[in-house]
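The whole structure should be built from the sequences, with the hints applied where relevant.
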Amino acid sequence: MKRNNIIFTAALCLAAIFGCAPKQETNNLTVAIIGEAESFDPVFSYDGFTHGVLLNIYDTLIKFKGSSLTEFEPLIAQEVPSVENGLISQDGKTYTFNIRKDIKFHDGTPLTAQDVEYSLKRFLISDAVSGPSTLLLEPILGITSTRDNKGNIILDYQDVENAIKSDGDKVIITLKRPFAPLLSILARWSYIISKDWAISHGEWDGTAGTWRQYNNRGKNESYLFDKANGSGPFMLERWDNAAKRIYLRANKDYILGAPKLETIQLITVPEQSTMRLMLESGDVDIAEIAPTFTDQIASNPDLVVQDRLPRLKTDPVIFFTFDINTEANPDIGSGKLDGAGIPADFFKDINIRKAFSYAFDYDAFAEESMGGKAPRACGPVPPGLASYDKDAPCYEFDLKKAEEYFKKAYDGQVWDKGFSFTLTYNTGSQMRQTSAEILKRNIEKLNPKFNIELRGVPWASFLEKTQASKMPLWVRGWIADYPDEHNFVFPFLHSKGRYAVAQSFGNADLDAMIDKAVRSTDKSERIKLYRQIQRVSYDTAAQIYTIHSPGVWVFRKDVKGFLDNPVFMGIYFYPIYKEKDSI
Numbered sequence: 038m039k040r041n042n043i044i045f046t047a048a049l050c051l052a053a054i055f056g057c058a059p060k061q062e063t064n065n066l067t068v069a070i071i072g073e074a075e076s077f078d079p080v081f082s083y084d085g086f087t088h089g090v091l092l093n094i095y096d097t098l099i100k101f102k103g104s105s106l107t108e109f110e111p112l113i114a115q116e117v118p119s120v121e122n123g124l125i126s127q128d129g130k131t132y133t134f135n136i137r138k139d140i141k142f143h144d145g146t147p148l149t150a151q152d153v154e155y156s157l158k159r160f161l162i163s164d165a166v167s168g169p170s171t172l173l174l175e176p177i178l179g180i181t182s183t184r185d186n187k188g189n190i191i192l193d194y195q196d197v198e199n200a201i202k203s204d205g206d207k208v209i210i211t212l213k214r215p216f217a218p219l220l221s222i223l224a225r226w227s228y229i230i231s232k233d234w235a236i237s238h239g240e241w242d243g244t245a246g247t248w249r250q251y252n253n254r255g256k257n258e259s260y261l262f263d264k265a266n267g268s269g270p271f272m273l274e275r276w277d278n279a280a281k282r283i284y285l286r287a288n289k290d291y292i293l294g295a296p297k298l299e300t301i302q303l304i305t306v307p308e309q310s311t312m313r314l315m316l317e318s319g320d321v322d323i324a325e326i327a328p329t330f331t332d333q334i335a336s337n338p339d340l341v342v343q344d345r346l347p348r349l350k351t352d353p354v355i356f357f358t359f360d361i362n363t364e365a366n367p368d369i370g371s372g373k374l375d376g377a378g379i380p381a382d383f384f385k386d387i388n389i390r391k392a393f394s395y396a397f398d399y400d401a402f403a404e405e406s407m408g409g410k411a412p413r414a415c416g417p418v419p420p421g422l423a424s425y426d427k428d429a430p431c432y433e434f435d436l437k438k439a440e441e442y443f444k445k446a447y448d449g450q451v452w453d454k455g456f457s458f459t460l461t462y463n464t465g466s467q468m469r470q471t472s473a474e475i476l477k478r479n480i481e482k483l484n485p486k487f488n489i490e491l492r493g494v495p496w497a498s499f500l501e502k503t504q505a506s507k508m509p510l511w512v513r514g515w516i517a518d519y520p521d522e523h524n525f526v527f528p529f530l531h532s533k534g535r536y537a538v539a540q541s542f543g544n545a546d547l548d549a550m551i552d553k554a555v556r557s558t559d560k561s562e563r564i565k566l567y568r569q570i571q572r573v574s575y576d577t578a579a580q581i582y583t584i585h586s587p588g589v590w591v592f593r594k595d596v597k598g599f600l601d602n603p604v605f606m607g608i609y610f611y612p613i614y615k616e617k618d619s620i
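Numbers 38 to 620, taken from our numbering, label the letters of the sequence shown in order.
Note that these hints are calculated values from the structure, not bench results. There may be inaccurate statements among the hints.
[Unchecked claim] Computed list of lysine-lysine pairs in DSSO-like fashion (alpha-carbon distance at most 27 Å, straight line):
1) 256 / 533
2) 553 / 565
3) 427 / 560
4) 289 / 138
5) 533 / 187
6) 385 / 437
7) 102 / 297
8) 560 / 533
9) 130 / 207
10) 444 / 477
11) 297 / 138
12) 141 / 207
13) 502 / 533
14) 502 / 373
15) 427 / 373
16) 486 / 438
17) 533 / 130
18) 264 / 502
19) 438 / 502
20) 565 / 533
21) 102 / 615
22) 560 / 594
23) 138 / 187
24) 437 / 427
25) 281 / 385
26) 297 / 256
27) 565 / 594
28) 553 / 617
29) 297 / 264
30) 289 / 264
31) 256 / 502
32) 454 / 444
33) 597 / 297
34) 617 / 297
35) 594 / 281
36) 102 / 138
37) 615 / 289
[Said to hold, decoys possible] The following label-pair restraints were derived from C-beta to C-beta distances:
38) 290 / 128: 35 to 41 Å
39) 490 / 151: 51 to 57 Å
40) 492 / 127: 36 to 42 Å
Owing to the predicted nature of the structure, the values given are computational and were not obtained by experimental measurement. Cβ atoms here follow ideal geometry from the backbone N, Cα and C, with glycine treated the same way.
In structure tokens:
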């Protein structure tokens with residue numbers, strides 16, 4: 038009888054795993070995601086996944102109100118600055134933030150105006166290669182980097198001192214020139230850390246004499262690489278980098294009240310079929326399911342599919358590297374135009390870029406990747422922003438035109454000799470992998486001498502290879518840092534932008550137009566300029582734009598309270614709770 042009970046119990050357990058969902062603790066949440074964390078130091082991490090986590094660990098001066106992109110609420114600041122309340126000067130260059138006195142960091146120490154001043158200055162002076170510092174450097178100091186093209190420091194630290202000052206419980210930010218989207222940037226990127234805590238662990242001491250030592254360090258050199266001390270609703274308990282798991286714990290002393298969840302575990306699951314099984318079995322509560330899988334699980338009564346979440350997002354995009362780093366680089370084969378490889382400057386020939394642009398089957402990809410749920414992308418600016426142009430010129434799938442341009446490239450040598458190289462995407466992104474497969478298939482269909490190898494690379498390695506210009510052709514995307522056109526055209530098309538730098542791409546006309554547009558305070562002029570920018574972008578064919586993909590999350594039915602915003606780079610866990618399992 039005892040043995041039979043054991044067998045019966047085991048059978049029930051197996052049924053729970055492979056059939057209905059097992060009961061889970063209502064105050065614990067498990068989330069399966071595709072990406073991996075880069076660093077928990079806000080001055081280094083600039084990928085969507087990491088900032089989806091930082092959103093829950095750190096508070097900002099102000100925050101977006103619910104799902105709005107234009108309305109703000111105070112958070113660390115007592116009120117949102119405006120011209121009307123006198124906290125923004127009439128000339129639009131001075132912003133004053135009155136800091137609350139009742140906020141504490143996770144270690145129990147009070148948050149002060151001096152912490153805010155230190156955090157903002159540290160964000161400016163750190164300026165890691167391809168890091169997020171430009172988001173504040175540009176509006177506050179009028180520069181995009183603290184260094185010149187040769188890596189020499191050009192920042193005058195006195196400018197930092199003049200720009201950000203604390204005075205009692207106030208923090209005053211003075212800009213070089215008006216910058217309309219500043220509040221939008223601060224609502225996402227003004228992460229405040231504890232000054233004393235950071236200094237006590239070997240970080241910058243906040244003085245003019247030492248800041249250069251902390252400029253453009255390696256991310257592993259920061260004490261905050263795998264540690265955090267914010268004031269947000271959740272604390273970083275542990276990051277198991279080897280196992281690709283992040284553990285968060287509720288901040289019960291949070292200024293807005295304790296979260297309903299006790300713990301959160303985020304696990305990286307690169308294989309979509311595995312993620313789906315974990316979700317259906319109840320091993321995870323929320324999953325970042327690829328759009329191609331959502332129709333297959335939509336009928337499951339235990340799951341809630343959110344596959345049309347509005348996003349300011351242009352993804353995937355296929356990028357050409359104009360000057361490939363050839364050092365120990367197997368992705369370019371022989372490194373010559375001899376049929377067995379490609380030279381470093383292969384994609385500088387516009388005929389090559391146009392040929393690739395015409396060889397991509399845009400309609401097939403939109404249907405295969407999103408089931409027709411995503412609008413076509415003809416440039417970087419997505420729907421939802423004022424200058425989005427539904428009539429913008431687009432490349433269409435046309436293999437005859439692709440062949441025509443291939444035959445023009447390098448005076449016919451490309452068509453005669455062929456080529457071989459590797460196209461790279463990050464593992465776990467089904468959409469990006471699909472886009473790579475479609476392009477490979479159509480290119481190789483044109484000429485038997487054309488060969489493209491596909492390679493999926495883990496996220497951390499993918500980021501490093503991208504910025505080192507090691508990948509000849511690669512697939513990535515962009516989701517807004519803040520809701521403004523400048524945040525799209527600058528990283529994609531300005532010679533100092535994140536992706537343009539990785540591509541070694543620059544166009545003087547585009548640079549001039551982008552600089553003019555961001556300085557303008559006239560809304561109609563800005564719309565006109567941004568539409569012109571996108572038309573010039575079409576002519577340069579520097580990237581292949583595919584779709585503006587929506588956000589996709591799938592939840593167990595007992596997960597409630599989900600609040601989404603188009604600029605969130607992950608899930609804001611604070612309002613989420615789980616209903617008690619009725620099984």
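Now the hints, each set against the structure:
1. A threshold of 27 Å between alpha carbons decides the hint, and for residue 256 with residue 533 the separation of about 21 Å falls inside it, so the pair holds.
2. The straight-line distance between the Cα atoms of residue 553 and residue 565 is roughly 11 Å, inside the 27 Å bound, and the hint therefore holds.
3. Between residue 427 and residue 560 the CA atoms are separated by roughly 18 Å; this keeps the pair inside 27 Å, and the hint holds.
4. For a cut-off of 27 Å, the pair hint linking residue 289 to residue 138 stands: about 18 Å separates their Cα positions.
5. Restraint check: the Cα-Cα separation between residue 533 and residue 187 comes to about 13 Å, which is no more than 27 Å; the hinted pair holds.
6. Proposed proximity of residue 385 and residue 437 is supported: the alpha carbons are some 21 Å apart, at most 27 Å.
7. Taking the CA atoms of residue 102 and residue 297, the gap is near 20 Å; set against the 27 Å cutoff, the hint holds.
8. The straight-line distance between the Cα atoms of residue 560 and residue 533 is roughly 24 Å, inside the 27 Å bound, and the hint therefore holds.
9. For the given pair, residue 130 sits about 16 Å from residue 207 by alpha-carbon distance, which is consistent with the 27 Å threshold.
10. Proposed proximity of residue 444 and residue 477 is supported: the alpha carbons are some 18 Å apart, at most 27 Å.
11. Between the alpha carbons of residue 297 and residue 138 the distance comes to roughly 24 Å, so the proposed pair stays at or under 27 Å and holds.
12. A threshold of 27 Å between alpha carbons decides the hint, and for residue 141 with residue 207 the separation of about 17 Å falls inside it, so the pair holds.
13. Under the criterion of a C-alpha separation no larger than 27 Å, the hint pairing residue 502 with residue 533 is consistent with the structure, at around 18 Å.
14. For the suggested pair residue 502 and residue 373, the alpha carbons sit about 21 Å apart, so the restraint of at most 27 Å is met.
15. A threshold of 27 Å between alpha carbons decides the hint, and for residue 427 with residue 373 the separation of about 40 Å lies outside it, so the pair is violated.
16. With a C-alpha separation of about 18 Å, the suggested pairing of residue 486 with residue 438 holds against the 27 Å cut-off.
17. Distance restraint check for residue 533 and residue 130: the Cα-Cα separation of roughly 24 Å lies within the 27 Å cut-off, and the hinted pair is therefore satisfied.
18. Proximity of residue 264 to residue 502 is assessed by CA-CA distance (about 25 Å); at most 27 Å being required, the pair is judged to hold.
19. The suggested pairing of residue 438 with residue 502 is violated, with an alpha-carbon distance near 32 Å, which exceeds 27 Å.
20. With a CA separation close to 22 Å, the supplied pair residue 565 and residue 533 stays within the 27 Å bound.
21. Distance check on the hinted pair: residue 102 and residue 615 sit about 23 Å apart at the alpha-carbon level, within 27 Å; holds.
22. Among the hinted pairs, residue 560 with residue 594 is inconsistent with the structure: their alpha-carbon atoms are about 43 Å apart, more than 27 Å.
23. Using a Cα cut-off of 27 Å, the hinted pair residue 138 and residue 187 is violated, with the two alpha carbons roughly 44 Å apart.
24. The straight-line distance between the Cα atoms of residue 437 and residue 427 is roughly 26 Å, inside the 27 Å bound, and the hint therefore holds.
25. As the CA atoms of residue 281 and residue 385 are separated by approximately 38 Å, the hinted pair breaks the 27 Å bound.
26. In summary, the hint linking residue 297 to residue 256 is not supported, as the alpha carbons are separated by about 33 Å, beyond the 27 Å threshold.
27. Distance check on the hinted pair: residue 565 and residue 594 sit about 45 Å apart at the alpha-carbon level, beyond 27 Å; violated.
28. For a cut-off of 27 Å, the pair hint linking residue 553 to residue 617 is broken: about 55 Å separates their Cα positions.
29. Taking the CA atoms of residue 297 and residue 264, the gap is about 23 Å. The hint holds against a cut of 27 Å.
30. Among the hinted pairs, residue 289 with residue 264 is consistent with the structure: their alpha-carbon atoms are about 19 Å apart, no more than 27 Å.
31. Restraint check for residue 256 and residue 502: satisfied, since their Cα atoms lie roughly 15 Å apart, inside the 27 Å limit.
32. As the CA atoms of residue 454 and residue 444 are separated by approximately 11 Å, the hinted pair is consistent with the 27 Å bound.
33. Restraint check for residue 597 and residue 297: the C-alpha separation of about 11 Å stays at or below 27 Å, so the hint holds.
34. Pair hint residue 617 plus residue 297 holds up; C-alpha atoms about 13 Å apart against a cutoff of 27 Å.
35. Taking the CA atoms of residue 594 and residue 281, the gap is near 26 Å; set against the 27 Å cutoff, the hint holds.
36. In summary, the hint linking residue 102 to residue 138 is supported, as the alpha carbons are separated by about 22 Å, within the 27 Å threshold.
37. For the hint pairing residue 615 with residue 289, the CA-to-CA distance comes to about 17 Å; that is within 27 Å, so the pair holds.
38. Between residue 290 and residue 128 the beta carbon distance is about 40 Å. The supplied range of 35 to 41 Å therefore holds.
39. For residue 490 and residue 151, the hinted distance range of 51 to 57 Å is satisfied, since their beta carbons lie about 54 Å from each other.
40. Between residue 492 and residue 127, the C-beta spacing of about 55 Å breaks the proposed range 36 to 42 Å.
Checked against the numbered hints listed earlier, the structure breaks hints 15, 19, 22, 23, 25, 26, 27, 28 and 40; every other hint is satisfied.
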